[in-house]
Amino acid sequence: MIALPSRKARVESPIDTRAFDLLGLTMALVLGLHAAHLPWWLGIALALTLGWRWWQRRRHIGRVPRWLKLPLLVLLTLAVIAHYGNIFGREPGTALAIGLLVLKLLETESARDVRVGVSFACFALMAALLFDQGLIVTVTVALGLLPALATLRALEPAQAQVTLQRSLLPGLGLLAAALPLALLGFLLVPRLSSPLWGAPSPRDARTGLSDNMSPGDFTDLLIDDHPAMRVSFEGAPPPPDQRYFRAYVMWDYDGSRWKYVDIVNREPVELQASRTVGYQVSMEPTHQYVLPMLDVPLDAPANAGLRQDRVVMADKPVNDLLAYAGRSAIQYRLQPELGIGMRQRGLSLPAGFNPRTLALGQSWRQRHGTDDAAIVQAALALFHNGGFRYTLSPAPLGRDAMDDFLFDTREGFCEQYSSAFTVLMRAAGIPSRVVTGYQGGYWNTLGKYLLVRYSDAHAWSEVWLSGRGWVRVDPTGAVRPQRVSLGAAAAADGQLPWYENGWLQSLRNRWDIVNRWWGQGVIGFDALRQRGLLTPFGIRDADTATLGVLLAISCVLFIAVGLGWALLRRQVRDPLRTALRELEHKLARMGIVRRPSEGPQHYLSRAARALPGQRDELALLMKCYLELRYAHDEPPPESLHDFQRAVRDFRTARMVK
Amino acid sequence: MRGILQHVQTWAERRLPALTRYRRPESLPIELHRRRIYIVPTGFGLGFSVLLLVMMVGALNYTNNAALLLTCLLGAASAASMLVAFRSLDGLRLAHVRAGHAIAGEPIELTLALESRRCRHAIRVDLGHDSTAFAIDATGVTLVVLHLPTLRRGWQPLPRLRLWSSWPLGLFRAWSWLHPEQSVLVWPRPEIAGPPPHAAADDARHMRLHLGDELAALRDYRAGDPQRHIAWKASARHINLLVKDFEQPQNRPNWQLDWRQLPGLDEEARIARLARWLGEAQAQRRNYSLWLPDKQIASGSGPLHYAHCMSALAQLP
Numbered sequence: 019m020i021a022l023p024s025r026k027a028r029v030e031s032p033i034d035t036r037a038f039d040l041l042g043l044t045m046a047l048v049l050g051l052h053a054a055h056l057p058w059w060l061g062i063a064l065a066l067t068l069g070w071r072w073w074q075r076r077r078h079i080g081r082v083p084r085w086l087k088l089p090l091l092v093l094l095t096l097a098v099i100a101h102y103g104n105i106f107g108r109e110p111g112t113a114l115a116i117g118l119l120v121l122k123l124l125e126t127e128s129a130r131d132v133r134v135g136v137s138f139a140c141f142a143l144m145a146a147l148l149f150d151q152g153l154i155v156t157v158t159v160a161l162g163l164l165p166a167l168a169t170l171r172a173l174e175p176a177q178a179q180v181t182l183q184r185s186l187l188p189g190l191g192l193l194a195a196a197l198p199l200a201l202l203g204f205l206l207v208p209r210l211s212s213p214l215w216g217a218p219s220p221r222d223a224r225t226g227l228s229d230n231m232s233p234g235d236f237t238d239l240l241i242d243d244h245p246a247m248r249v250s251f252e253g254a255p256p257p258p259d260q261r262y263f264r265a266y267v268m269w270d271y272d273g274s275r276w277k278y279v280d281i282v283n284r285e286p287v288e289l290q291a292s293r294t295v296g297y298q299v300s301m302e303p304t305h306q307y308v309l310p311m312l313d314v315p316l317d318a319p320a321n322a323g324l325r326q327d328r329v330v331m332a333d334k335p336v337n338d339l340l341a342y343a344g345r346s347a348i349q350y351r352l353q354p355e356l357g358i359g360m361r362q363r364g365l366s367l368p369a370g371f372n373p374r375t376l377a378l379g380q381s382w383r384q385r386h387g388t389d390d391a392a393i394v395q396a397a398l399a400l401f402h403n404g405g406f407r408y409t410l411s412p413a414p415l416g417r418d419a420m421d422d423f424l425f426d427t428r429e430g431f432c433e434q435y436s437s438a439f440t441v442l443m444r445a446a447g448i449p450s451r452v453v454t455g456y457q458g459g460y461w462n463t464l465g466k467y468l469l470v471r472y473s474d475a476h477a478w479s480e481v482w483l484s485g486r487g488w489v490r491v492d493p494t495g496a497v498r499p500q501r502v503s504l505g506a507a508a509a510a511d512g513q514l515p516w517y518e519n520g521w522l523q524s525l526r527n528r529w530d531i532v533n534r535w536w537g538q539g540v541i542g543f544d545a546l547r548q549r550g551l552l553t554p555f556g557i558r559d560a561d562t563a564t565l566g567v568l569l570a571i572s573c574v575l576f577i578a579v580g581l582g583w584a585l586l587r588r589q590v591r592d593p594l595r596t597a598l599r600e601l602e603h604k605l606a607r608m609g610i611v612r613r614p615s616e617g618p619q620h621y622l623s624r625a626a627r628a629l630p631g632q633r634d635e636l637a638l639l640m641k642c643y644l645e646l647r648y649a650h651d652e653p654p655p656e657s658l659h660d661f662q663r664a665v666r667d668f669r670t671a672r673m674v675k
Numbered sequence: 554m555r556g557i558l559q560h561v562q563t564w565a566e567r568r569l570p571a572l573t574r575y576r577r578p579e580s581l582p583i584e585l586h587r588r589r590i591y592i593v594p595t596g597f598g599l600g601f602s603v604l605l606l607v608m609m610v611g612a613l614n615y616t617n618n619a620a621l622l623l624t625c626l627l628g629a630a631s632a633a634s635m636l637v638a639f640r641s642l643d644g645l646r647l648a649h650v651r652a653g654h655a656i657a658g659e660p661i662e663l664t665l666a667l668e669s670r671r672c673r674h675a676i677r678v679d680l681g682h683d684s685t686a687f688a689i690d691a692t693g694v695t696l697v698v699l700h701l702p703t704l705r706r707g708w709q710p711l712p713r714l715r716l717w718s719s720w721p722l723g724l725f726r727a728w729s730w731l732h733p734e735q736s737v738l739v740w741p742r743p744e745i746a747g748p749p750p751h752a753a754a755d756d757a758r759h760m761r762l763h764l765g766d767e768l769a770a771l772r773d774y775r776a777g778d779p780q781r782h783i784a785w786k787a788s789a790r791h792i793n794l795l796v797k798d799f800e801q802p803q804n805r806p807n808w809q810l811d812w813r814q815l816p817g818l819d820e821e822a823r824i825a826r827l828a829r830w831l832g833e834a835q836a837q838r839r840n841y842s843l844w845l846p847d848k849q850i851a852s853g854s855g856p857l858h859y860a861h862c863m864s865a866l867a868q869l870p
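Just so you know, the protein sequences line up as chains G and E, in that order. Oh and the first sequence: position 311 is 329 in this note's numbering, straight run, nothing missing. Oh and the second sequence: position 102 is 655 in this note's numbering, straight run, nothing missing.
What you were told as hints is all true, and nothing was included just to trick you.
If we take Cβ atoms under 10 Å as the criterion, some of the chain G residues that face chain E in the derived model are:
id: 1; residue: Arg133
id: 2; residue: Cys140
id: 3; residue: Ala145
id: 4; residue: Ala146
id: 5; residue: Ala200
id: 6; residue: Gly203
Each computed SDA-like pair below joins lysine to any residue, with the alpha-carbon atoms no more than 25 Å apart:
id: 7; chain 1: E; residue 1: Lys848; chain 2: E; residue 2: Asp811
id: 8; chain 1: E; residue 1: Lys797; chain 2: E; residue 2: Asp778
id: 9; chain 1: G; residue 1: Lys87; chain 2: G; residue 2: Thr67
id: 10; chain 1: G; residue 1: Lys604; chain 2: G; residue 2: Ala626
id: 11; chain 1: G; residue 1: Lys122; chain 2: G; residue 2: Tyr102
id: 12; chain 1: G; residue 1: Lys334; chain 2: E; residue 2: Asn614
id: 13; chain 1: G; residue 1: Lys334; chain 2: E; residue 2: Gly611
id: 14; chain 1: G; residue 1: Lys122; chain 2: E; residue 2: Gly596
id: 15; chain 1: G; residue 1: Lys277; chain 2: G; residue 2: Leu483
id: 16; chain 1: G; residue 1: Lys122; chain 2: E; residue 2: Leu604
id: 17; chain 1: G; residue 1: Lys122; chain 2: E; residue 2: Val603
id: 18; chain 1: G; residue 1: Lys334; chain 2: G; residue 2: Asp317
id: 19; chain 1: G; residue 1: Lys334; chain 2: G; residue 2: Arg547
id: 20; chain 1: G; residue 1: Lys641; chain 2: G; residue 2: Glu652
id: 21; chain 1: G; residue 1: Lys122; chain 2: E; residue 2: Gly600
id: 22; chain 1: G; residue 1: Lys122; chain 2: E; residue 2: Thr595
id: 23; chain 1: G; residue 1: Lys641; chain 2: G; residue 2: Pro593
id: 24; chain 1: G; residue 1: Lys277; chain 2: G; residue 2: Val489
id: 25; chain 1: E; residue 1: Lys786; chain 2: E; residue 2: Arg772
id: 26; chain 1: G; residue 1: Lys334; chain 2: G; residue 2: Gly323
id: 27; chain 1: G; residue 1: Lys122; chain 2: E; residue 2: Gly611
id: 28; chain 1: G; residue 1: Lys87; chain 2: G; residue 2: Thr112
id: 29; chain 1: G; residue 1: Lys334; chain 2: G; residue 2: Leu324
id: 30; chain 1: G; residue 1: Lys122; chain 2: E; residue 2: Ser602
id: 31; chain 1: G; residue 1: Lys122; chain 2: E; residue 2: Val607
id: 32; chain 1: G; residue 1: Lys466; chain 2: G; residue 2: Thr294
id: 33; chain 1: G; residue 1: Lys334; chain 2: E; residue 2: Thr616
id: 34; chain 1: G; residue 1: Lys641; chain 2: G; residue 2: Phe668
id: 35; chain 1: G; residue 1: Lys122; chain 2: E; residue 2: Ser631
No lab work stands behind these hints, which were simulated from the structure alone. Cβ atoms here follow ideal geometry from the backbone N, Cα and C, with glycine treated the same way.
Full structure from sequences and hints, please.
See below:
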């Protein structure tokens, strides 16, 4: 058939309450999902608008008048512009979209309005994933499709009335049935190797470590317990006090701030490794280049470069979950020979800062002579015995920050300690530098990986000792050994938010394995892994065309399965009818075809007249049939069996002319 | 646009009879099956797929796998809804169509009996400009009432019906044409005014209500009943006195409505007049008989008799 159903001029009848309620529910869910990144006043205003509209329509069916709608629209746009400065970009765009979605509800009265609203809500649900694609948010968003689908169902006429909760269930069935195809599509839809338009805007994701450090910078980071990276090791993991992940090596100090300077084209310094560990890292996006590596890496992972101080920088900022493998030395001699230029760089201090600290360093040099190790010990002893305290909220420091810290406040955390230690060493004439990165982490025994959070960020020092090269010294450990052996949470000791303490934290640590599976299986499934997807089937490098063909084939397979279901009909078996059919077939071969309008009695009488030789037999069959069919509700099995046998035995003899 | 579509449709029906063969009348019952159910996306379905495409490109561009997964899920659910739409029509059976009575020019009421072995929702029947939605519950049968406009008296073949559904999400429209091989009889339209039938004059005597001679029933005695009406024998077996109730059937003269009494009129005018007389006779509860060139109907009364006579009139050539 060619003809399309003609579209009738549809009278715009108001939708029923159920559809409206479901649409309101959908929008409330969208609003809830986006509440975290909308300005709070906008979220509250939209929630109130939503609630008011629902209440208003309960009382009186009809659109909100235009004089109310238009000012609201203008107000929304102005508010978004006032808050964000423009209406483009991810945050302002989303805020505007959510606002428009809620305002759409004000004029929703017809089925068409509802459909537009539902489509828009689906889009807004997806937009929620641009902010956070974690497992929980994704599942919530997928569940948010339920009221959306239920709304569309509610628009259809003539259906059984059910409660609001029950009306959500069929959507769940539909989604469950759709899941296999969805997963297949997810695996096989060819990924773009480069974005079609603009690079994704930098998200307000955690930036992790920064390439410069001033004492006090880490405070926010140290209470941020979002995962920074997950590391699995080849073989046993290194013991807790050796889990140092180096990110930045900072040489330059201007009196308040340590800085990392990225110098690209220099050979990495010499490394004599005596024990190495291989590991894989899955790193959360930071929008920065640095890839933290366990201790001192032997080499850089793919698409990254090894810098002079064996710091690893990726070629592109890490904007998405990134997986890389590394091999590092945990017992080593790094740069056994220090050139004169680097030595001077490792000793330079800004002039006119921290006179008391410099004096202290110089006094140690005089006391211990050339014994560098003894000077290091003296400094550590000072931190350990000098009344220093570990706290995440230290008192602020003045211009001579190190003097203030060492002789006055005597409280702080890794940044202050590493910074002061390095300044002391330089004053004493030992080349030294500050290193930042992560230390510690939670070992997930179930998943056999190390979960490193942003709160595990740490700063320590490296000093150059003759004959040993760069040696890591962690002055924080001298003040608070738990920081190194038990981790940041143990060291902080009650200074963290409530949810980062005790059993809840340990529960969160265990739950993290699910996040990891999600991260590896779904979020980290990139173009590269897609190309390797078919390796087990002998296709080493699946290109876009192969994937497309596969996608088409599997879609066809799924459609076949679906059609099989759609065409499935449960036949009600009627043995009597089947037997009569058989008889009809036999008679039809003799040219006695049953007419569509003919009843069995008429037909069989006609047959008996046409076949005089078998008149009695046919008459008996007819009598049997009529009795079986009409004398009982349910034909007795024996008689039915007899009838079936009689039909089977019936032979159409040649007519004798 | 509509014009072009209709043009294409007529052309297709003429040139591609194989494609359109199910439009030809067929005998009831008609069961819908895969070879006669058609599905196209609705306008909303097309719009929604564009939206899905936009979402997919967005998700791919921002390499947001969770969003891609969501888009795939929504797309797969939409595709599955197409099968559900098909299934909501597949196996549906139009068992029979019962027509009511209507005079020409007024819509005739059709009752469609639709059967199914499972529950179905939101199926719509279109017939001309009339459209009704129905659902079939577990009992398996539902009756759908539609109104078909009529023009002239006589047998009027049923036009084709469209059964369609956009269940469950409104993204796809599944439809099937049904053209039952059945006609409905439309009664002639009575003329609006005209002379009464040429019959024996009404006697005022007959119009008066009076007690008749025929025993109709026994009833309880009421004060004032004449003594001679008391049924003594029956009362003996009862507590109360019983009284014989007599009545005379309304004694209006029969109308002998006769085709031959109407010379000088053309056929349709005769039929219209006879139809009016029949209506009046029915309204006055008279007995009447009808003489037609090809049929004679003996005297009688009541709605069945009326229907019989009207049908005979309707079927006149």
